[in-house]
Structure formats: C-alpha cells, structure tokens
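Protein chains: 2
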Amino acid sequence: MKKTATRLADGRELFYYDSRDDAVRDAVDHRPLPPSQTAGEIRRDPLLGDSVVVASHRQSRTYHPPPDQCPLCPSRRGRLTEIPAADYEVVVFENRFPSLVGATGRCEVVCFTDDHDASFADLGEDRAALVLAAWTDRTAELAALPGTAQIFCFENRGEEIGVTLGHPHGQIYAYSFVTPRTERMLASVAAHRTAAHRAAPGGGGPNLFDDVVAREDADGRRIVLAADHWVAFVPYAAHWPYEVHLYPRRRVPDLLALDEAARAEFPRVYLDLLRRFDRVFGAGEPPTPYVAAWHQAPLHHPHRSEFALHLELFTIRRTPGKLKFLAGSESGMSVFINDVPPEAAAERLREVASE
Amino acid sequence: MKKTATRLADGRELFYYDSRDDAVRDAVDHRPLPPSQTAGEIRRDPLLGDSVVVASHRQSRTYHPPPDQCPLCPSRRGRLTEIPAADYEVVVFENRFPSLVGATGRCEVVCFTDDHDASFADLGEDRAALVLAAWTDRTAELAALPGTAQIFCFENRGEEIGVTLGHPHGQIYAYSFVTPRTERMLASVAAHRTAAHRAAPGGGGPNLFDDVVAREDADGRRIVLAADHWVAFVPYAAHWPYEVHLYPRRRVPDLLALDEAARAEFPRVYLDLLRRFDRVFGAGEPPTPYVAAWHQAPLHHPHRSEFALHLELFTIRRTPGKLKFLAGSESGMSVFINDVPPEAAAERLREVASE
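Quick note, the sequences are listed as chains G and R, same order. Each number in the working numbering comes from the position in the first sequence (counting from 1) with 101 added on. Each number in the working numbering comes from the position in the second sequence (counting from 1) with 101 added on.
Hints listed in this document are in silico derivations from the structure and should not be mistaken for laboratory results. A hint or two may mislead.
[Stated by the list, open to error] Cross-link-like lysine to aspartate or glutamate pairs, in silico, DMTMM-like; alpha carbons within 25 Å at most:
#	chain 1	residue 1	chain 2	residue 2
1	R	Lys423	G	Glu260
2	G	Lys423	R	Asp360
3	R	Lys423	G	Asp188
4	R	Lys423	G	Glu261
5	G	Lys423	R	Glu142
6	R	Lys423	G	Asp169
7	G	Lys423	R	Asp122
8	G	Lys103	G	Asp130
9	G	Lys103	G	Asp127
10	G	Lys423	R	Glu260
11	R	Lys423	G	Asp218
12	G	Lys423	R	Asp320
[Unchecked claim] Derived contacts from chain G toward chain R, CB cut-off under 8 Å, selection only:
#	residue
13	Pro281
14	Thr283
15	Ser289
16	Val381
[Said to hold, decoys possible] Some residues of chain R that are not near chain G, with every Cβ distance over 10 Å (derived):
#	residue
17	Ala187
18	Ala204
19	Asp218
20	Pro247
21	Pro307
22	Leu326
23	Leu372
24	His396
25	Leu400
26	Glu413
Think of the CB as a built atom: it goes at the ideal place given N, C-alpha and C, for glycine as much as any other residue.
Bound-form chain G, shown alone:
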C-alpha cells in the first residue's frame, strides 16, 4: 500500500491510498478556491448533559448535484473536482464544509472508489482491504493531532438517510470530546466490573463487551454470521428494524490494535454483510439505506483498554417502501420503538446469505 499526501488549492489536506507501491500521484489542484468559511462551536446542554455542535455557514454546502457535477469524481479537463487526479483507488481529504473545524475537531471525506455508480457492497475484497487500511491510518494520524478525543469512521448511504452526494463515500470525524454514546457504554462497562467485583472480590474483572458477545454466541438466535475472527449479531435490544453489530473475536480497543488475521478476514465478512443488507427487502427494492459506524475507544480515557472496537450497521427502512422515523417517543423521550423483533431480523439476514 502506498500513501501520497498533498494539499488542495485552499490548503486542505488530501491523501491517496493506492494498492500499487509505484503509483504516482502528482496532480495539482488548479481551482481558484477561496478559503472555506465554516465556523463551529460546541455547546453543552445543561439538562441533557450532552454536547451539540453548532455549525453555521454549512447551509450552502453541495446538495444533490447532478452526476456530471459530482465533486467526488476524478477531475478531468474542463471539470475540476475535489480530487485533482484523473483516477484513484481510495482517497481521503478534509471536508470543505466541516461541522467540526480547528479546536472543535476535524471532518474528513473518504472516497471508496472513483466509480460514481458503485457502492461499498460492489467493491472487491482488495479494495475493501485498502479502505480498512485508510481508516486505520487516518485513525493513527488524527489521534496525533492535539485536542482529538475520539475518532469516528462511518458511512451514511442513501438519500433516505440524508446523503446528498451519490458517489460512494464515507466520513471520518475527529471529535474534541468523548461522545455521549461512548460515555454511556464506558459507564456500563465500569458498572458491570464494579458489580462483579462486589459479588466476588477476588475474581478477575469481567468485561461487559466480552460478556455480551459471549451471550449472543451461546444463545445463537440473533447470530447473523460467525467467522473465524469476527462475529456479527442483531443485538438483543436492537433499536433499528435491521441492525447488526460486528465484533472481532479478540477484543481490541480500536482499529490500530486489530491483528493481521482479523484484518485479513474483514473484507470478506463486511462485504457479505453489506450485500445481505441490500437483499433484506427482496429483489426490485432500491438499495438499502444504511449507517455503518465504527465504535473505537476514546484516546485518553482511563478505561480505554476495556472498550471493544466494533462496527454497528443499521438501516432506517423497516419494510419495502416504509421508513422508521424518529418522532415523539424516540426524539422526545429517547425511547426507541422497534417493529421488527431482533430474532426475526437475524433470521432474515441469515436467509439472504449468498450460497
């Protein structure tokens, strides 16, 4: 794998990730690009205790451009895009319309392929491995930036979930604070350890993540895919109609700590999961909208070694043509209502496995 770093016309960083070590990436961004105007601010909600990113100047960001004006396609004569090269494999660059910027964090865009009409599920295993390498490399580099507290690699796919650029891409956020969801998980892990110590003071410390995965493995009803180094299941209390959590069998805190065996098996496992997601609602349905979210340990948390790297993949579609909306109960009271029993979701995701 070869990585080439460059800068765009307005000073933003861009990185090419190539499978060939002799790739040459010397294209220059010739656009007359004024500096980005985005400003961000983080505000704490005194009643809920969470942090909200107030990002002004983003309302003008690119919104559903026609395919021939896609800013994520390679540049060609007469049509310059965010990627100066005439082709690419995987490319990562700083978002021109970031919600987090400077002291509040950083937002990057990850293009998975230069093929505008593809999707992650269409990639080959080699390309998926290259994306994993890019996620891992960016996690390492963003961790080294002062002020970074947590790194979040994710993909939003589908217009139904608000994606405004059809070109296959994901994002990486470097937050300057530990996110509420991660705080909550770490609090549960700590409470579980404390309770077990109280019950058996001399015992080794149990880990909640390990226990959850072991319980799902033993139960089996919600297992979607059991590979040598990864296991995927619909969680017992799934929040979304179809939701899968993918864990490496050996617990590690983040992508950097994944061993070679898990890293080598990931492309096959992940592509299999994504392809099943596209088949869940039957032939003839448009591609399944989804969020794929990597959960990594925050960088400087005292109990970061107890966190378990995992990927959460879910769709907001609940049945062909119908979406799950977050309305009164979910948005007002944080109580999710799920109309698809997790056992039924897992069964369906097993049914649509490729032979």
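We have chain G already, so just place chain R on it with the hints.
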C-alpha cells in the same frame, strides 16, 4: 367541559371531551372488529442502559389511507371509523396498534378536531383549551393505572416526520418505566443541587430548571415569546434547526399542577408558537413538520417535585425543502450537529410573530 366515556367494538376505551355540558354522546360502534393482535416487550440494552420497546404485529397498521378512508374522521352511514359519533370536538381513545400494551404501558390517540383538513394551529383558543383539559384529564387517569411510571402527551405533525394519518391528532403514551431522557434531566438536576450545596452548605437548594429559565430570561437573545405566565425560548444548545422550549413561569411538575392563570393563558401562547412555526420558512412552503412534546415529571420518582413541566417544540426542516437527518454523528455517536445557530433561530421566530 363534559367528558363521556364509552367503549369501541373491540373493548378499547374512548372518551369524548365537549365544551358544552349538555352534549349527548350515545353513538355505538357497530363495526365487526376482532380483538387487536399487538404484543409488546421491553428490552434493556446492556451497553447503552436504555430500554427499547419491541412491538411486533404493528407492521400492518393503517398507512397513509386516502382521505375518504380516514379512521379519525367521524363515522357516517356506510363508513364507520374509530369514532362512532357523527361529529366531535376532542376525542381520546386507545390506539388499535399500540407499541405499549398491558404491562408495558398504554398508547392513546387524541383527535383535536373532526375537521380532517385542519391542523392544531388552525384551532380556536376554546378548542386548544379543551385539548389542554383532555391532556390533563388523561394524565390524571393514566397515572392511576397500576404500573404507569411516566405519561407523555405529544403531537407528531407532517409526513416528513413519519405521520401516516393526515387528520390532526396527537398521542399519549403511558410508559411503565422512566424514559432515558427524563432520567438524564433528573440526574442533571440532582448534580446541580449537590454541587451548589457543596459550594454553600447552608444555602437553599437551587433548581437547574429554574436557573436555566432565569438565565435565558436575563440573556434575552434566545427568547421567542415572553407572556405573563409562560416563557418560550430556543435553548442555548438546541439540537434541532428550530426548537422552542415553553415553560410556565411558576415551576410545576406536571399538567395537573398548572394553576388557573397559566392554564387560561396557554391556548393563546401555544397557538401563537405553532403559527410562527408555520411561517418560519416563508409563504408558499408546505406546513412545517414538527414534534410537540410535553415533558412531565415521572410519577413515583423521589425528586419529582424538582422536575419542571415544559413543552419542547421542534422541526426537522432546516431550510425550505431540506430536512435535518439523524445519520452517522447523531445516530451513531449521539452528537447532534445543528446548522442553525440558536440565536438566529430565535430571531427568525420573533420576526414571524403576528402583529
């Protein structure tokens, strides 16, 4: 106000609320209605610590019926609906497709008017007062049911937010547990009290809700509407593009404890707010989708008297034709990104006040 209780053909309760004390409500539901099949289960997420309602058998619920098959319109010869009467003012009945049922709770539907094409903002003050009386009465009755922990009156409005019946209506949920959002607020209130006691051991206990409202009142930049008995503001860390919190000036834990002066002023204030919401995006825009959520103290919480009844009103529209979606950052990490600064939202909501 006159309340008349009756039952639908499958045994569900229905209540008419009428402004006239001589209203006669003796219509009988003649539909051949089999018992509802819905079953619900509450599952706790071990990592997030929240409760998810798994509600199967709801996928078949009524979904965008044509207007002439609206189940919330009054019944007429040859077309029997959920409301047996030929007309009504306000009516409340048990949902035929509840997410909470039996030991897990109860779901009710509140119809605000028998006019299919109206919306809450179109109602007169007398009707809004009757709805407030119905919310209050249902809160009292549901509180008396065994197992109820918290009562939630809310309205989802607009297809963009997932509403599948266009007839103006809201809902009431009686949860059998305290919701995560309310737990979080009460934890913040307790932490605030404890911190203040530590700083000044002899002092009276401060209340976080009181302090938040006083701070907004003193600051003024985010105030939307200041009436004699109510104050409405965009919160400092608003999560949604346009979000308003409406508090009675005298703190009370729930709707039952509202005094007569606040009760009398509410219809004018609330209708004013809803009408401003419809004007925010300019003339010619379709009605603003919104969630209006009453936050009430849980019933049996030791610190329930410290909770402050308030209404949270927000829209998912961020600009004409564009919605705010909850994707990677919000759904994956619980970090909201808000592109409309709260001060700008408040200014706009003041601009669109009626003269």
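Structure-based check of each hint:
1. R/Lys423 / G/Glu260: 12 Å, holds
2. G/Lys423 / R/Asp360: 43 Å, violated
3. R/Lys423 / G/Asp188: Violated: R/Lys423 and G/Asp188 sit about 32 Å apart, past 25 Å.
4. R/Lys423 / G/Glu261: 12 Å, holds
5. G/Lys423 / R/Glu142: 22 Å, holds
6. R/Lys423 / G/Asp169: 22 Å, holds
7. G/Lys423 / R/Asp122: 43 Å, violated
8. G/Lys103 / G/Asp130: 20 Å, holds
9. G/Lys103 / G/Asp127: 13 Å, holds
10. G/Lys423 / R/Glu260: Distance ~12 Å between G/Lys423 and R/Glu260 Cα, so the pair holds.
11. R/Lys423 / G/Asp218: 24 Å, holds
12. G/Lys423 / R/Asp320: 44 Å, violated
13. Pro281: 4 Å, holds
14. Thr283: 7 Å, holds
15. Ser289: 5 Å, holds
16. Val381: 14 Å, violated
17. Ala187: Check passes; 30 Å lies beyond 10 Å.
18. Ala204: 16 Å, holds
19. Asp218: Non-interface label on R/Asp218 holds, nearest chain G Cβ at 21 Å vs cutoff 10 Å.
20. Pro247: It holds; R/Pro247 is separated from chain G by about 20 Å at its closest Cβ, greater than 10 Å.
21. Pro307: Holds, because the least Cβ-Cβ distance between R/Pro307 and chain G comes to about 12 Å, which exceeds 10 Å.
22. Leu326: Fine: 20 Å to the nearest Cβ keeps R/Leu326 off the interface.
23. Leu372: R/Leu372 clear of chain G: closest Cβ-Cβ about 20 Å, beyond 10 Å.
24. His396: Given that some Cβ of chain G is not farther than 10 Å from that of R/His396, nearest at about 8 Å, it is violated.
25. Leu400: Label holds. Min Cβ-Cβ 15 Å, cutoff 10 Å.
26. Glu413: Given that some Cβ of chain G is not farther than 10 Å from that of R/Glu413, nearest at about 7 Å, it is violated.
Going down the numbered hints, you'll see the structure goes against 2, 3, 7, 12, 16, 24 and 26, while the others check out.
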